[in-house]
Structure formats: structure tokens, C-alpha cells
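Asker: With the hints as your guide, set chain B onto chain A.
Here are the chains, one letter per residue:
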Amino acid sequence: MARSLWTGSLSFGLVNVPVALFSGVTDADLHFRQLHAKDHTPVEIHRFCAEEDLEVPYEEIANGYETDDGEIVVLTDAELAAAAPRKTRTIDIESFADLEAVDPLYLDHPYMLMPAGDSEGTLRAYRLLVEVMGRTERAAVGRFVLRTKEYLALIRERDDRLTLTTLRWHDEVRPAGDVPTPTKRDRPAKKEVDQAVALIEALACPWDPDRYEDAYQKRLKTIVRQKSKGQAIEVPDEEREPSPVPDLMAALERTLADIQAG
Amino acid sequence: MARSIWNGTIVFGLVAVPIKVFSATESKTVHFREVHARDGGRIEHRRICPRHRGLYVVDKDDIVKGYEVSRGKWVELTDDEIAAAAGSRSRRIEIDHFVPLDDVDPVYYERPYYLGAQDKGRDAYALLHAALERAGRAGVGRWVFHNRERTVLLRPLEDVLAIHTMRFADEIVDPGEFDLGRVRRKPSEREIEMASSLVEGLHTDFDPSDYEDAHRADVLELVERKAAGKNIELPPDEEPEAADDLLAALEASLASA
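Line by line, the protein sequences are chains A and B.
Numbering-wise, the first sequence is residues 1 to 262 according to the working numbering.
Numbering-wise, the second sequence is residues 1 to 257 according to the working numbering.
Read the hints as simulated data drawn from the structure, not as lab findings.
Beta carbons are placed, not taken as given, at the ideal position from N, Cα and C, and that holds for glycine.
Watch out, some of these pointers could steer you wrong.
Stated by the list, open to error - In silico BS3-like links for lysine-lysine, alpha-carbon gap of 30 Å or less:
(1) A:LYS38 - B:LYS73
(2) A:LYS190 - B:LYS120
(3) A:LYS38 - A:LYS221
As the list claims (entries may be wrong) - Partial list, derived from the structure: chain A residues whose beta carbon lies under 10 Å from chain B:
(4) PRO18
(5) ILE45
(6) ARG89
(7) ASP118
(8) TRP207
To be verified - DEER-style ranges, computed between Cβ atoms:
(9) B:ALA248 - A:LEU5: 24 to 34 Å
(10) B:ARG38 - A:LEU5: 22 to 32 Å
(11) B:VAL69 - A:PRO246: 47 to 57 Å
(12) B:THR78 - A:GLU51: 28 to 38 Å
(13) A:PRO246 - B:LYS60: 49 to 59 Å
Next comes chain A alone, as it looks inside the complex (with noise of 0.2 Å):
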């Protein structure tokens, strides 16, 4: 299993139950080495510190905030914990809400929140807190601090177990006012609105993401296969930009008809 990203304790009034985060996302990407091009050996990435010049192992690297008259100001990773003592080890539960009340937009990374150690008390904490959001469908809201950063997070049931998704704040989210948008005198007609939802109705279907493949990993991985058998690689060109149709309704009507004749 994938090594713990945090530990501490999660808290829900006065029940604690101690909990390690793991990310809720693998990499399955193809992945690309910096080679030497003279040898093809592949070249390790080292830290140096400029102004030495002198390699630096992980455990001298702090942290430096550089202040608006440029001076560098250094603090460990323990110094910054002491910005929020609490909120490092512990995330409160503040409030319960409505999955359904959470804009999409603030969605960022999801985690999985498993107990840590496998004692009675954790373990049935953890069951207990499982059961009651399983059954209530509501969503836990809390914070947390990670090195630098306080994260607002969502946490829920799923499949048995506590998803926890980070989510932006408000002020991390823009508004949307300042984005163009048509005027009164471009709002649609109502047969124009009726036919482009039968177009909608007529290609509806549930949300299935296993439908959806990668399309761009699996032509890496072909010019990969091209590329070491010798083969050229072919840069697709560019393709012309369609233009709007003068007539919407026409174009609609088309569309539907198309879908109709399968």
C-alpha cells in the first residue's frame, strides 16, 4: 500500500479517531526520463545550494519566503507548524452538509481518510463515523494544515470506507462576472430551445467514466512502439476551425435527423 501523505486525529465532538490520508488518484501516465543524449543514461536530479555550491541533503532544506525588499526568510517545516499547532494533527469536524450543496467548482484532490493502527477503539470510531454519513448521506466539512497550506476538506462515505476531497476556497474560486456573455437580444427562440433539447434527449445517457479511455496515453504508448521499431512519427496537422452556421434552427434539424437515421 501507498505510504500515508498525513497523519493525526480526526475529530467529531468528542470522539477521536486517529486517521492516516492517502491520495484518492494513481499516476497512470507513461512516464518520460531526462536521459544523457551521448549515452542514454538516465540523469539523477541533485540539490545544490547556489550559494555554497554544495550539494544539500533532503534534511537541510527548509522553507524561504521572500519578504518584498528581497531578504529570504527561513523556516523548517516544524516552525511552521507552529502557525497552527491544532489544525496540523487534527482535523475538526466543524459541520455536516448536503453533498449536493457543494458546487462542483470547488472540488479540488481527492484522498482516501483510512484509520491509523488497528486497535478496538479506532477501528470502531472509524466504522461508527462510516455508518452514521452512509446512513444520514451527509458530508462532513473540516480543515487541516499540510506543511504550508490550511485545506478546507469534504469528507464522505464511499464504498465503506471515508473519501475525503479537498475543496478551494471562495475566494480561490473567480467570479464569473466579468466573462462575455450573450445579451437579451441574442436569447434563443422556443422552438429553437425545444428542438436543441430533443437533440440533448436524443443523446442522453448516464454517467458511465468507464467509457472514457485515455485517448492520449494510448497513442503515446503506439509512437513509443513506432519509435523504437525505427518507424517515422506523423505530427498530425492542424485542423480548420468550424465556422457558425448562419442558421441555427436548420443546422438542429439536421443534427436531430442525423441521429434519428443513426
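Answerer: Chain B alone, transformed into the frame defined by chain A:
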């Protein structure tokens, strides 16, 4: 408003909607960089070739990208060849079908963008927006952005259209891979009932603006204290502990709620 980051066309059937893409997010995290703890020196990442004696720093021009097809056998690829995997280089987002938004598990959402209307084809934008809103569905399509094809979800969001890049199913960790451990005694009905009352007591209508990131200010204050040469007291190490008596902890929580 920030500048648009991509221009293109949403295509569904024979209808083309010219759009501009705007980022819907901006990070407000206090930014740190890697430094050497003892002298604050900037940390440089240098490329070292281990085959060459001592610490041989490789020049950027002497670096190529490679994929290991079998142990020690590398296939070299140019940036152009990697970019060829992007597929169709068209500037269009093709919408293939339409799904109910409530079906989509939150783990799939990756990054949101707003779509702006272009001067030409504003009527098509208005039509797509009105139809999606009325149908109560979101479009699913493909978008090649930064040389990479992604699945996107298109939906109306107040007056604008928004798209979300979506994670692929094989990127999502299966919860079943995590072992739940064994308990001798499952939580009792009474414990579940009490915990449910606690949940209901803490239930609120979610409003993101109820939550402020106070930590940014705390971190900046810490930086100031350190810059002024003040000592920073380190918090003691504590191990998290589970309550021995779950029922007692629940009772006490309810009493103090």
C-alpha cells in the same frame, strides 16, 4: 477579468459555438521556495549523470527524453513526437452525449473553466446555455488542451457555460484496495443513533464563504516574527489517541452540543 487562455469552438452535431476559455480558479497559497536551512541559499536542481565520474553536471542541451521499453533499453522521443499523441490538433471541443450532473461522483472533477461567448455566434452560445439548463443535463466531450486530450463536462452555471476537466476512471484509486481491519464488536444501534443526532445538530446549508482561510495570515505573521529575529516556540509532539469508551464520548459530545 483575466485574459482568455484558449479560443475554439464547441461542436455538437452541426451546431458550432465559438467560445473563449477562462480559468475559473486562482491559488492564494502563501508561496515558499526551497532554501538551504543554514544560510538561506537558493536550492538549485542540477542534472547529474551518474555514469560519468564524480558529479558531472549535464548541460540542458545534452538532455533528451526517453522511455524505458525494457531494462536499460531506452527509446528517445522528441518533444514534437510526444506532442503528436495529442491527436487531432483542431481547436474544437466535441460534445458526444449528455448526462445527469447528479450521477457524477465528485472524485472525477479536476479543474473548472468558464466559457465566454465570442462576438460571432453569440446566439448559438445563448441557445446551448438555455437548452442545457432546461434539459437539466451536462454535456460530455473531448478537449485537446496543452497537447493533451481530456474528457470535459459542460454545464450551465448561472449566466455562463462552464467546463470541468475530468479524471479518467483508471486514475481513481479503488477504495477496496484499503483494508478496513477487523473489529470484535460493531458500533451498536444506540451509538449510531447518538452519532446521527450529532450529525443533524451540526447540519448547515453549505456556503463556501462561511469558511475563511485564516492560515494564510497566520503563516505571514510567523514569517514576520522570524524576520524580526524572534524565537518560534515549537509545539510538542503528540500522538493521536482513540477514545476508549465510544459511548461515553458520544454522550459527552451530545451533552455539550
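Asker: If a hint holds in the structure, say so; if it does not, say that too.
Answerer: Consistency of the hints with the structure:
Between LYS38 (chain A) and LYS73 (chain B) the alpha-carbon distance is near 14 Å, which keeps this suggested pair within the 30 Å criterion. Of the supplied pair hints, the one linking LYS190 (chain A) and LYS120 (chain B) holds, its CA atoms being roughly 21 Å apart against a limit of 30 Å. Distance check on the hinted pair: LYS38 (chain A) and LYS221 (chain A) sit about 24 Å apart at the alpha-carbon level, within 30 Å; holds. Evaluation of the PRO18 (chain A) hint against chain B yields a held restraint, the C-beta minimum of about 4 Å falling below 10 Å.
At about 5 Å, the closest approach between the beta carbon of ILE45 (chain A) and any beta carbon in chain B falls short of 10 Å, and the interface hint on this residue holds. A least Cβ separation of about 7 Å between ARG89 (chain A) and chain B falls short of the 10 Å threshold, and the interface hint therefore holds. Proximity of ASP118 (chain A) to chain B holds as hinted, the smallest CB-CB distance being about 5 Å (cut-off 10 Å). Proximity of TRP207 (chain A) to chain B holds as hinted, the smallest CB-CB distance being about 4 Å (cut-off 10 Å).
Our hint of 24 to 34 Å for ALA248 (chain B) and LEU5 (chain A) holds, since their Cβ atoms are close to 32 Å apart. Range check, ARG38 (chain B) to LEU5 (chain A): about 27 Å between beta-carbon atoms, so the 22 to 32 Å window is met. Against the hinted window of 47 to 57 Å, the Cβ-Cβ separation of VAL69 (chain B) and PRO246 (chain A) comes to about 52 Å, which satisfies the hint. For THR78 (chain B) and GLU51 (chain A), the Cβ-Cβ distance of about 36 Å falls inside the hinted range of 28 to 38 Å, so the restraint holds.
Here the CB-CB span from PRO246 (chain A) to LYS60 (chain B) is close to 51 Å, well matched to the stated 49 to 59 Å.
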